[in-house]
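**Q** Make the full structure from the sequences, and use the hints.
Letter 96 of the sequence shown, counting from 1, is numbered 96 in the numbering used here, and no numbers are missing.
Derived from the structure by calculation, the hints contain no laboratory data. Ideal Cβ positions, reconstructed from N, Cα and C, are used throughout, including at glycine. Where hints are given, some of them may not hold.
As the list claims (entries may be wrong) - Label pairs and their in silico Cβ distance ranges:
1) P96 to E75: 14 to 22 Å
2) G31 to G98: 30 to 38 Å
3) G33 to G102: 16 to 24 Å
4) A17 to P82: 13 to 21 Å
5) Q30 to G102: 30 to 38 Å
6) A18 to R85: 27 to 35 Å
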Amino acid sequence: MDPVHPVGGRAGAPAGAAARLEVTVHGRVQGVGYRAFARSRALDLGLRGFARNNADGTVTVVAEGAPGALQRLVEALRQGPPAGRVDGLEVHWSAPRGLGPGFGIG
1 MDPVHPVGGR
11 AGAPAGAAAR
21 LEVTVHGRVQ
31 GVGYRAFARS
41 RALDLGLRGF
51 ARNNADGTVT
61 VVAEGAPGAL
71 QRLVEALRQG
81 PPAGRVDGLE
91 VHWSAPRGLG
101 PGFGIG
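**A** Below you can see the structure in the form of structure tokens.
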């Protein structure tokens with residue numbers, strides 16, 4: 001597992017027409033509207049994917065789309081909603097796998 005990137009850390013998007021981003025968000029991110037926040041930002045950026053709560057108290061966000069839009073999503077995920085607190089992100093980039101349209105919350 002990659003180390004948790006501090007909130008101020010920066011992850012670089014790969015070059016290319018499309019990419020996949022998987023982010024595990026650490027902090028006070030459950031019960032504060034974090035998944036809805038992630039969905040709203042992703043849809044504003046034209047991305048597709050999903051956000052889900054994990055048993056360990058983290059949130060996972062998976063998105064596909066233009067690398068620049070994905071990088072902007074990472075920056076938004078670092079901030080989170082006003083009621084939450086983001087302590088760090090685990091950011092993983094890869095080739096897209098063809099997620100369906102829209103952005104789900106699980």
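**Q** Take the hints in turn and mark each one as holding or not.
**A** These are the hints, each one checked on the structure:
1. P96 to E75: 14 to 22 Å: Distance hint for P96, E75 holds at roughly 20 Å.
2. G31 to G98: 30 to 38 Å: 32 Å, holds
3. G33 to G102: 16 to 24 Å: Because 19 Å falls inside the window, the suggested range holds.
4. A17 to P82: 13 to 21 Å: Distance hint for A17, P82 is violated at roughly 34 Å.
5. Q30 to G102: 30 to 38 Å: 22 Å Cβ-Cβ, so the 30 to 38 Å window is violated.
6. A18 to R85: 27 to 35 Å: Check passed, 31 Å falls within 27 to 35 Å.
In summary, the structure is inconsistent with hints 4 and 5 from the numbered list given earlier, while agreeing with the others.
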